[in-house]
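Novice: Each chain, written out:
Number of protein chains: 2
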Amino acid sequence: EPEGKYTPMKNLYAEDGSPVYPRQGPYFSDGQRRVDYVLTYQIQKPNSIRRQSSRFGDNNFIRRLWRSLNIRSRRAEAQPKEDPEIAAQDQRTDYHEDDKRFRREEFEENILETGLELEMDERTNIPGIGFMKVHAPWNVLCREAEFMKLKMPTKKNYEVKQGSNLVEKIRLFIHKVTAPLHPKVDPNRPQTVKFLSHPFSREKQHLLLANGVYTSAYPLHDVSITITLKFDVVNVSPLTFGISSYRKYFGEKVGLYFAWLGVYTQMLIPAAIVGVIVFLYGCATVDDNIPSMEICDPRHNITMCPLCDRACSYWKLVTACGTARASHLFDNPATVFFSIFMALWAVLFMEHWKRRQMRLNYIWDLTGFGEEEEREESEKAKVKLTCTDRLPAYLTTVVTMVFMILVTFAIVFGVILYRISIKAALHMSTYSDQSNIRATVKGTAAVINLVVIIILDEVYAAIARWLTALEVPKTDKSFEDRLIFKTFILKFANAFTPIVYLAFFRGRLVGRPGNYLYVVGSYRMEECAHAGCLMELCIQLCITMLGKQLIQNNLFEIGIPKLKKLLRRRKSDLDSKQEEELNRSLYRHEKDHILGPFVGLSPEYMEMIIQFGMVTLFVASFPLAPLFALLNNIIEIRLDAKKFVMELRRPIAAKAKDIGIWYNLLRGLSKVAVIVNAFVISFTSDFIPRLVYQYMFSVDGTMHGFVDHTLSYFNVSDFQPGTDPLQPMHLGYRVDICRYKDYREPPWASTPYELSKEFWVVLAARLAFVVVFQNVVMLMSDFVDWLIPDIPKDISLQIHKEKILMVELFMKEEQGKRLAARENHNQDNCNSPSSANQSPPRPRSRPVSHANCC
Amino acid sequence: EPEGKYTPMKNLYAEDGSPVYPRQGPYFSDGQRRVDYVLTYQIQKPNSIRRQSSRFGDNNFIRRLWRSLNIRSRRAEAQPKEDPEIAAQDQRTDYHEDDKRFRREEFEENILETGLELEMDERTNIPGIGFMKVHAPWNVLCREAEFMKLKMPTKKNYEVKQGSNLVEKIRLFIHKVTAPLHPKVDPNRPQTVKFLSHPFSREKQHLLLANGVYTSAYPLHDVSITITLKFDVVNVSPLTFGISSYRKYFGEKVGLYFAWLGVYTQMLIPAAIVGVIVFLYGCATVDDNIPSMEICDPRHNITMCPLCDRACSYWKLVTACGTARASHLFDNPATVFFSIFMALWAVLFMEHWKRRQMRLNYIWDLTGFGEEEEREESEKAKVKLTCTDRLPAYLTTVVTMVFMILVTFAIVFGVILYRISIKAALHMSTYSDQSNIRATVKGTAAVINLVVIIILDEVYAAIARWLTALEVPKTDKSFEDRLIFKTFILKFANAFTPIVYLAFFRGRLVGRPGNYLYVVGSYRMEECAHAGCLMELCIQLCITMLGKQLIQNNLFEIGIPKLKKLLRRRKSDLDSKQEEELNRSLYRHEKDHILGPFVGLSPEYMEMIIQFGMVTLFVASFPLAPLFALLNNIIEIRLDAKKFVMELRRPIAAKAKDIGIWYNLLRGLSKVAVIVNAFVISFTSDFIPRLVYQYMFSVDGTMHGFVDHTLSYFNVSDFQPGTDPLQPMHLGYRVDICRYKDYREPPWASTPYELSKEFWVVLAARLAFVVVFQNVVMLMSDFVDWLIPDIPKDISLQIHKEKILMVELFMKEEQGKRLAARENHNQDNCNSPSSANQSPPRPRSRPVSHANCC
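Protein chains in written order, with our numbering: chain A, 7 to 860; chain B, 7 to 860.
The set of hints was computed from the structure by calculation and includes no laboratory data. All C-beta atoms, glycine included, are put in the ideal place defined by N, C-alpha and C. A few of these clues could be false.
Far from chain A by the CB rule (all over 12 Å, computed), these chain B residues [unchecked claim]: (1) E477; (2) A684; (3) M709; (4) R772.
Listed below are the simulated DSSO-like cross-link pairs for lysine-lysine, each with C-alpha atoms no more than 27 Å apart in a straight line [stated by the list, open to error]: (5) B:K483 <-> A:K360; (6) B:K480 <-> A:K360; (7) B:K649 <-> A:K663; (8) B:K480 <-> A:K747; (9) A:K480 <-> B:K763; (10) A:K809 <-> B:K480; (11) B:K483 <-> B:K259; (12) B:K763 <-> A:K799; (13) A:K259 <-> B:K809; (14) A:K818 <-> B:K661; (15) A:K570 <-> A:K649.
Given the sequences, and given the hints that come with them, work out the whole structure.
Specialist: Okay, here's the thing in structure tokens:
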């Protein structure tokens with residue numbers, strides 16, 4: 007109801023009976039006109055306490071009239087008071103300052119011309135900062151709303167029948183089950199007062215900010231609403247209920263972010279549950295696993311070749327028992343099922359989000375808004391750049407990006423070298439327990455990786471911004487999209503290079519005994535523990551996910567702001583009581599000025615996308631990833647809400663129909679996830695070799711003998727000179743033949759140490775699995791995509807119904823009009839056949855326009 | 007210009023000075039009101055020559071008035087004349103006829119109520135048929151146009167700057183190059199008069215037709231336009247110029263079909279050129295091909311194992327020389343390049359079409375029309391069916407479809423058996439030239455396949471229609487989509503099963519000498535010729551494409567209509583002169599009644615989609631497919647245009663923004679094409695084995711020795727009893743070891759006749775190629791998709807410009823209004839700050855609605 011829209015906040019305060027701080031209200035000094043927007047600027051003389059308000063602004067005159075009036079009134083009203091002081095100072099200050107003031111004045115003039123009202127405020131609560139408060143009167147809002155084709159509720163309303171079908175029942179059940187996750191809130195909480203938010207002159211604004219004429223620009227927080235939202239943050243996750251109020255307060259763009267985060271978190275619940283079940287299945291079957299039983303059986307007594315040159319000696323396979331048992335937790339048939347499940351989960355998530363987005367579009371009256379968005383575009387297009395102008399920038403981008411990715415690779419390689427060399431050094435110096443050494447090296451390497459990732463993340467963000475600015479994109483939207491794309495590529499490479507190395511390269515570039523691969527002089531490439539690299543991949547994923555989330559969430563998002571606040575307090579030498587007093591004495595716009603600026607949603611989305619990558623890409627090796635992500639998100643969603651409501655300046659409410667480029671990135675990730683999971687299952691895990699053994703080579707059709715089958719023979723006399731162990735008798739007996747994990751011909755074959763037929767059989771099976779897995783999962787995904795309509799059925803029915811009602815309404819109106827017209831003047835009608843029959847037939851080529859006729 | 011719109015056709019005739027046949031004009035008997043639509047019905051008494059015209063219809067009264075008036079006037083005017091006769095007849099005819107007449111009357115009443123005007127015509131030129139002519143007056147058209155939100159040109163116009171960039175130059179060049187394909191036409195040909203076409207009450211209409219109340223319903227052809235279009239058909243392909251006139255005459259749906267066909271045909275030109283080049287490359291390099299040289303070299307003297315049991319004997323590889331050389335034409339490295347090219351071509355085609363569609367949408371003012379389409383939906387939704395109601399129908403569908411596909415498989419298997427048995431019989435009876443036998447069998451089998459495909463095509467179309475009707479879809483659109491989907495699946499399975507068999511199964515299920523696979527008793531499964539099955543696949547594709555197109559295009563689309571006409575002429579015993587006279591004497595609506603009904607665009611699209619499948623799916627084995635398709639389409643596009651203009655009743659102009667489900671089918675096909683081509687290259691062709699040999703097994707890194715490497719050894723003493731050749735000395739010497747094409751261990755190995763290591767190496771390489779090919783091509787496709795914007799840049803700029811102009815226009819109008827309002831009454835304005843300053847501040851919660859204020 008339009009009446010409710012402009013109830014002044016002040017009244018609400020009075021009704022509450024709470025103490026009314028007149029300064030708290032976001033109003034002009036007359037206490038009536040609301041401050042819709044604030045611009046701040048540096049003023050030259052921080053000591054002179056001055057307060058002026060210039061209230062002109064009425065767009066009811068035509069422009070020319072306005073311009074003259076404006077200039078006259080401002081000169082007459084505001085200037086004379088300032089002139090003596092400013093004139094004296096102007097001579098001292100440089101031309102630059104003067105220019106800024108001139109630009110500001112020109113800008114203010116333009117603003118006034120559009121019908122907005124201004125109030126200047128150069129008080130000293132925050133020294134050196136001038137405030138320019140902007141009020142948008144009702145008729146300006148109306149005009150803008152018309153241009154934006156904002157949809158308004160009509161008087162006509164209709165009842166929506168609640169569907170009670172199976173889907174609805176399932177939804178209700180799910181809601182009940184997940185109820186503990188979003189604590190109780192009164193769903194009938196009365197709608198808080200709604201304000202028309204409009205994008206204002208954003209393009210001009212940031213151009214001005216870039217020029218340094220104004221230092222910041224923001225709308226004000228609204229205490230009456232933030233109190234409710236604060237309550238939400240503490241008690242309710244914005245999973246299901248809070249989104250609408252967030253959208254009303256922050257605009258559709260932020261609303262969509264929270265909605266998306268909510269859907270993502272909700273969808274993580276089933277994934278986490280299935281993941282835990284898969285993990286538990288692994289735990290339960292660890293004792294029935296024949297390969298690890300064989301490894302742990304001391305009777306098998308298999309002597310393995312040394313793991314490093316000289317310093318290491320032969321070792322017994324039974325010592326790898328622990329690792330073998332542990333790796334079964336993540337390397338069992340259930341993980342294959344789980345990665346298929348997660349591929350479909352990703353598709354379902356995308357579908358679910360599309361539907362939710364559609365529903366929100368309908369509820370928020372955004373249907374048909376799409377085209378309007380483009381109005382914003384080609385604002386900077388005045389500087390027309392041709393392809394050849396842009397080429398250097400594009401080249402720079404490509405070269406820098408490639409270089410940065412190479413840097414990432416180099417760093418990962420460096421960490422590998424660290425691991426290899428430290429391991430070798432440890433082996434050299436002492437002969438302590440091998441597994442301890444391994445654990446230490448693994449741990450430190452993972453931590454180094456993590457630290458590097460976090461540091462590079464910040465560097466890459468800066469580089470991406472610089473590169474995008476270099477490209478001079480035509481529009482703001484294009485700038486944002488390009489920036490996001492670059493940041494995504496760099497951060498993604500950064501986060502996933504070590505994981506990809508572990509999954510697909512580690513242990514594969516080792517060579518074989520007698521012919522090892524050496525890097526940087528004499529370091530042998532590292533091998534995996536006996537039962538595949540899946541275990542190490544798993545540890546790396548675990549550390550990255552937990553570490554990144556702990557550090558980025560807790561340290562960066564909570565710790566550092568807290569620290570800053572503390573430092574500020576120290577600096578200002580005020581105790582909390584005094585500060586509270588000061589806080590109370592500040593105007594709303596001054597308080598908001600102290601808060602951090604709103605830097606957009608990209609960092610929030612980016613964090614979530616990287617997490618989504620972790621959850622989907624390598625889920626085959628780490629079924630607990632969804633659980634970790636879920637736990638993180640339940641915290642994240644609250645932290646984000648708190649940050650937006652209390653710690654940042656209120657963002658300009660921006661309209662958005664969808665989450666833009668992020669959706670495409672998600673889609674891309676879920677596509678890549680299919681092939682990555684196929685490769686993880688077939689190449690990283692031992693799933694395929696086990697299957698091949700069982701169905702092709704096993705004598706009795708069981709897994710017995712699998713371990714022996716995967717180990718090749720090596721004749722110790724074939725060691726390259728100087729690489730044989732220093733302590734050949736370490737195990738207490740002389741070793742002639744040692745074993746190593748590979749499919750190669752034995753020393754007594756016609757082609758010793760060549761890749762054996764088994765190798766090729768297993769390779770063919772692995773590749774066949776990749777082909778089958780990828781195509782089956784893609785087919786299933788497409789099928790699910792096709793099966794689920796993008797627009798929920800009830801929404802499409804409602805849209806249809808509304809359309810019919812609209813047509814009926816207009817039909818009635820037209821009929822009413824026609825009747826009235828007929829009664830008034832019966833002759834001058836458009837086309838009446840009765841007259842056509844009586845008068846001589848006239849050709850139908852009447853020069854009437856559409857509007858004239860109907 | 008609206009003035010131009012309703013120039014009566016008659017005037018144009020008079021200006022030409024050509025003889026005016028008053029009967030030819032599509033007008034009511036007053037010669038003024040145009041016949042926009044015709045409904046026909048069966049009348050009881052064909053002999054009584056009666057002609058009545060009832061002209062009422064004016065929607066300027068309100069409905070209630072109308073109803074009473076209508077009933078009175080019709081009863082007063084039309085009924086009395088008929089009553090005596092009809093009443094007498096009614097007693098004789100059954101209730102059914104009476105009911106039909108009653109329904110007709112009710113329907114006519116409703117039509118009149120909407121403001122349309124009717125004229126009945128029961129003349130006897132075509133005995134037994136009554137015509138109901140409908141005229142839509144200007145105001146009805148206006149009203150409907152408003153409801154449809156038809157976009158009209160405003161008075162405002164602006165200049166579009168022609169882009170002169172590189173792309174434009176390339177486009178111009180391409181246009182020049184392809185100019186011979188679309189003969190010269192005057193581009194400045196004045197726009198023929200444009201008529202507002204509107205979908206009319208289609209839903210009601212087809213319901214009525216289904217009831218048998220009316221027998222047919224169609225709008226009339228317009229001779230003045232068909233003459234121009236006929237000219238187009240003969241001289242110009244609607245590739246580039248003609249589409250707009252087709253769209254104006256037939257509506258957007260048909261216009262889009264021709265546009266799509268044009269784009270497809272255009273895009274086939276480069277594909278055909280590259281295809282021919284690839285083929286020529288094959289021809290040029292056939293003499294440098296080492297494997298075929300080795301086969302043809304008599305010095306190699308390789309003795310092959312017999313091709314059938316008993317009857318066949320050993321043969322020399324040199325006799326396969328011709329086949330080997332021929333197969334090189336289609337099995338060379340260039341085909342690999344070509345299939346990558348075609349995968350990208352398919353993506354480019356889709357992108358190009360998206361952009362073209364967007365451009366047409368813009369030119370045809372369809373932007374923003376999308377939502378309107380749904381208005382048509384849920385028309386039949388009155389009968390609410392639940393899932394359980396639908397289950398039997400769905401089950402029937404699935405079961406029938408599966409059964410039909412199995413029938414297809416069975417028929418293909420039958421053809422295989424035919425081939426095997428005939429071949430065996432031929433071998434048994436005579437000992438004539440082997441290659442002759444092979445050619446005969448191949449030829450007849452391919453022809454049988456073709457005939458079966460064509461017959462089953464017709465059967466499947468009927469089955470799909472029946473199944474879809476069984477499902478009772480909710481809307482017309484849904485009916486069409488489901489029907490198309492089913493027909494597509496069945497026809498696709500029908501067309502491609504024999505090809506898929508040839509490509510992937512033939513020659514792979516043979517077994518090996520001494521252990522052949524036998525089907526249906528003692529028939530050995532068929533082998534391929536020595537150099538892979540690619541050659542046979544190629545022949546099959548060639549026959550299917552040429553045959554289908556020849557038979558379906560020429561026989562079905564030209565021959566049968568011609569034959570029908572001939573038969574009709576024979577029957578009516580009129581010579582051509584007399585017929586022409588009769589033709590001249592017929593009214594337009596009578597002439598059109600004789601024409602065939604318009605059955606929709608589905609058959610046309612379906613034919614093209616199957617062709618698209620042939621072109622993309624197996625392009626790796628038949629690089630000339632695009633050329634064949636191109637030649638066919640150049641004819642097809644003309645035949646279709648001729649058919650629509652001259653041989654079918656004019657279709658109801660239907661609005662459409664895109665080609666609907668066909669786009670999705672095309673997308674699906676181009677996705678499937680990638681994987682199918684990957685398999686054809688890696689498994690059907692010898693590309694991978696050659697590569698593997700060259701880089702892994704070849705002694706000197708060349709292809710020398712490849713043929714020997716692909717042939718395994720067989721000890722003739724290992725033949726199963728009773729399968730050894732009857733004439734072992736056929737070649738003139740005793741054979742101990744014969745060779746066969748497979749990778750198996752020799753008889754003297756420890757595991758004789760087992761699959762050898764080479765087999766697994768080649769298999770792994772094949773699968774690796776599939777994985778790499780599929781992912782690389784998919785990545786490239788996605789990249790191309792991402793690179794090319796869906797909306798052409800100039801169109802998006804123009805749309806943006808138009809929007810800005812619109813806003814400016816409205817802004818000016820608003821300002822003008824405001825100024826006028828201010829001059830008239832200065833006080834009752836919405837919100838003037840000057841008054842706010844003077845009067846005590848009022849709260850802004852004024853109860854004003856949006857419309858009131860602005």
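Novice: Hints numbered earlier in the text: which of these fail when held up against the supplied structure?
Specialist: Going through the list in order, the structure violates hints 2, 4, 7, 8, 9, 12 and respects the others.
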